[in-house]
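S.K.: Each chain is listed here by its residues.
There are 2 protein chains.
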Amino acid sequence: MSDLRKIILEENEIPEKWYNIQADMKNKPLPPLHPGTKEPIGPEDLAPLFPMELIKQEVSQEQWIEIPEEVREVYKMWRPTPMYRATNLEKVLDTPAKIYYKYEGVSPAGSHKPNTAVPQAYYNMKEGVHKLTTETGAGQWGSALAFACEKFGIDLEVYMVRISYEQKPYRKLLMNTWGADVYSSPTDKTQGGKSILEQDPNSPGSLGIAISEAVERAATSGGTKKYSLGSVLNHVLMHQTVIGLESIKQMEKADAFPDIVIAPLGGGSNFAGISFPYLHYKLTEGKDIRCIAVEPASCPKLTKGEFRYDFGDTVGLTPLLPMYTLGHTFVPEAIHAGGLRYHGASVLVSQLLKDGLVEASAIHQLECFKAGVMFANTEAILPAPEATHGIAQVIREANKAKEEGAEKTILFNLCGHGHFDMAAYQDYFDGKLEDHELTYDELHSGLNELTTPKIEE
Amino acid sequence: MSDLRKIILEENEIPEKWYNIQADMKNKPLPPLHPGTKEPIGPEDLAPLFPMELIKQEVSQEQWIEIPEEVREVYKMWRPTPMYRATNLEKVLDTPAKIYYKYEGVSPAGSHKPNTAVPQAYYNMKEGVHKLTTETGAGQWGSALAFACEKFGIDLEVYMVRISYEQKPYRKLLMNTWGADVYSSPTDKTQGGKSILEQDPNSPGSLGIAISEAVERAATSGGTKKYSLGSVLNHVLMHQTVIGLESIKQMEKADAFPDIVIAPLGGGSNFAGISFPYLHYKLTEGKDIRCIAVEPASCPKLTKGEFRYDFGDTVGLTPLLPMYTLGHTFVPEAIHAGGLRYHGASVLVSQLLKDGLVEASAIHQLECFKAGVMFANTEAILPAPEATHGIAQVIREANKAKEEGAEKTILFNLCGHGHFDMAAYQDYFDGKLEDHELTYDELHSGLNELTTPKIEE
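The listed protein sequences derive, respectively, from chains A and B. Just so we're aligned: 380 in my numbering is position 380 of the first sequence, and the numbers increase by one with no gaps anywhere. Just so we're aligned: 271 in my numbering is position 271 of the second sequence, and the numbers increase by one with no gaps anywhere.
Isolated chain A, as found in the complex (with noise of 0.2 angstroms):
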């Protein structure tokens, strides 16, 4: 095994084409439903709100999708990403297991999402969209969509979930230097906002509220814009794969092959970008390899969650989508990594966790705090909130490895740096943070509500 600790690659490696899980599936993804009739929808009833290019890929059974040079061209601006062997981590934990992990923050708003953010912002160009609404809750899709809009001349409407809007003025600044209109949800520029806050003139807003509000803009604006989404549906998990596709060149510089590979998860698309590359190899030739995405204890609709139809957003706009959720009105505690406070998760990672093909591990917010800190001291990058779930994940894999003296080789995706979200280890510091354990009551609070239609096993 060689012994790099830095594995790059040159920019004519960065992938041609993206790898689309669905052609591999045995077990295909369950149709999305109609809001309304509840009857599986085409691509006319998207059309509304995504070019068709996009609505083409979402539903593509082609195993490779090519990526276009105009959207390869701006990937250069930093991918290839590094892959980093964690060797000081791996000396502190004095464990056998080889640590290497995949570093995002790199990219212009330091995470994985622009991954997707540059051939949604072309594909909607291309077809002479001229506007896009999305929303966006720590920040980081925001400001991902906003630099990808800048490069095609697009405008956009950010809806930012207020306690956000306020607590991370920074990120709001880092959308505006790239162009974009960002506007703290609930606003009373939609009807759905408007009811939210008649009910609550204080909301502090949710990623759910937010969705309600682009979508309606777009929806309702007569054709002259349309709607972008950051994770969970399958072309943004496709768009991710550019992750997990350079990787598997960069572990084969090292001369190594993950037994594990582990990542967040909040809509699906980090967890996807990482390890569905890999999981082609455990679909198409058995290969033995463990796919392991990480949630927030607060919010885990993957363990404790149900696999039925529900709602993307809270107001209900969206078509129903087979996943795992905690009911689409489920309000997860005020967690600092915001963006895995979502309640459902991606129909193909969904579907995949319900065939056994990957794994789910919920942990607490403490336990990632700790494991983040760690991450700082030994490999010197400060990792997002989010990103603190997969390393603490990592940790427990990495110690369980020493327990049984086995030599894995565990693969994470390091989504992003921390620069925007100081305060949040300032509370770590200050002993401010706490873990709760869900009540039942709480846990199906939003499971309870639920009208949509449920799955026959």
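By construction, these hints were calculated from the structure, which means they are not laboratory data. Treat the hints loosely; a few may be bogus.
No copy is singled out in the list; a pair is fine if it fits within one copy or between any two copies.
[Said to hold, decoys possible] With a straight-line cut-off of 30 angstroms between C-alpha atoms, the simulated DSS-like cross-links for lysine-lysine are:
{"#": "1", "residue 1": "76", "residue 2": "400"}
{"#": "2", "residue 1": "249", "residue 2": "76"}
{"#": "3", "residue 1": "6", "residue 2": "17"}
{"#": "4", "residue 1": "304", "residue 2": "26"}
{"#": "5", "residue 1": "370", "residue 2": "76"}
{"#": "6", "residue 1": "6", "residue 2": "126"}
{"#": "7", "residue 1": "304", "residue 2": "454"}
{"#": "8", "residue 1": "91", "residue 2": "17"}
{"#": "9", "residue 1": "26", "residue 2": "38"}
{"#": "10", "residue 1": "282", "residue 2": "249"}
{"#": "11", "residue 1": "131", "residue 2": "354"}
{"#": "12", "residue 1": "17", "residue 2": "253"}
What you are looking at is a predicted structure, and each value in this text was computed from that prediction instead of being measured.
Fit chain B to the supplied structure of chain A, relying on the hints for placement.
M.R.: Positioned in the frame of chain A, the structure of chain B alone reads:
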């Protein structure tokens, strides 16, 4: 010429030696003088503050000095850093110039500072030093040294300029995360600090005061603590030459060579890091290459200062250095580019400027922030306020090339990202920043007070 956008190097291409420009200078720098006796000082005078290996490097006439394997091992955490062709910026400027930049913001602390922090911590560790003191202004240097000390098991005391301590809590937190103790300077822990506080209990502090405090703490520690400086000194500048040395290899890969090399100048280490390895060709082969140091118009020591002996700190504890200075009591405006608010320039850069081997340029902050936003919009990296000074000069040169129809190749060092400086951009967007032309009296406020030795022509 290659059309690569991102030019990278493998880990084994990290330089094995630093370049020591002293070896190639025809006019050697004048010696430092003892602050009391005003006589040239020897190594033994510096021994209370620095480990012997760094003192040797400070006066070495060797052209190349080997980088210890342990230092290269830590460098591997982020080095080699990428070099980019700024194709988008070129397009917006519609210039025939080819613009390249080396990006040092990928380091753990987000700037070029760890390049010298790591060897300084290493040599101290090797000589049995367990405690270091230092100062920091905006926090770039303090966080770099905190990272490096953590790597080599050294305790660190940081004296942070009070106004930054209050305005940049996250920089402080980053230092704390890496285990450093950070104090708001002036403190009551030193005689220097106490006397400043007696005069003005609300003193916002300055880099000169913070240096006085850090030096005093080391000098009065009875040998238990040494002191570390992040710029100005010869050994510090030499450590930074890894930047330029890597960029030469990268330029070769791109089949290019710069006509103009540009970097901002605070103390001089950033400028030296990128330019000295190119000056090697100018000094030894007469190669025609322009190296331009860019300073803020509010602290114009290179363009409007005096070349004479002066102290490095406000109180007058350090040796007297022959340099371009505005006087050690000069207090520049509180511009956001905190790293450029220093009254003097390094001895080596000062001598080179005096000898006409490098150039200097002073630019007001509004032009710099405008350049920074243009850079963020085209190249997608949000530069540190210090770095925007280099970019503003790049734009000037690219526009000149356009006027002249000259196909110049320009290289600059993007020394750091602005993720911890968003308040500066907020002020810029809010229209709160103004340019102020220094009056004759303001400009001479520090120089008029100087009683330090002049240098004969």
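S.K.: Would you mind marking each hint as holding or not holding in the structure?
M.R.: Quick rundown of the hints versus the structure:
1. 76 <-> 400: Intra 38 angstroms, inter 28 angstroms, cutoff 30 angstroms: inter-copy only.
2. 249 <-> 76: both (17 angstroms within a copy, 20 angstroms between copies)
3. 6 <-> 17: Classified as both: same-chain Cα gap 24 angstroms, cross-chain 20 angstroms, threshold 30 angstroms.
4. 304 <-> 26: Answer is within; shortest intra-copy Cα gap is 25 angstroms, inter-copy 74 angstroms.
5. 370 <-> 76: between (34 angstroms within a copy, 25 angstroms between copies)
6. 6 <-> 126: between (37 angstroms within a copy, 26 angstroms between copies)
7. 304 <-> 454: So residue 304 and residue 454 pass the 30 angstroms test inside one copy only (16 angstroms; across, 77 angstroms).
8. 91 <-> 17: between (37 angstroms within a copy, 28 angstroms between copies)
9. 26 <-> 38: within (25 angstroms within a copy, 84 angstroms between copies)
10. 282 <-> 249: within (17 angstroms within a copy, 41 angstroms between copies)
11. 131 <-> 354: neither (37 angstroms within a copy, 55 angstroms between copies)
12. 17 <-> 253: both (20 angstroms within a copy, 27 angstroms between copies)
Hint 11 from the list above is the single one not met by this structure.
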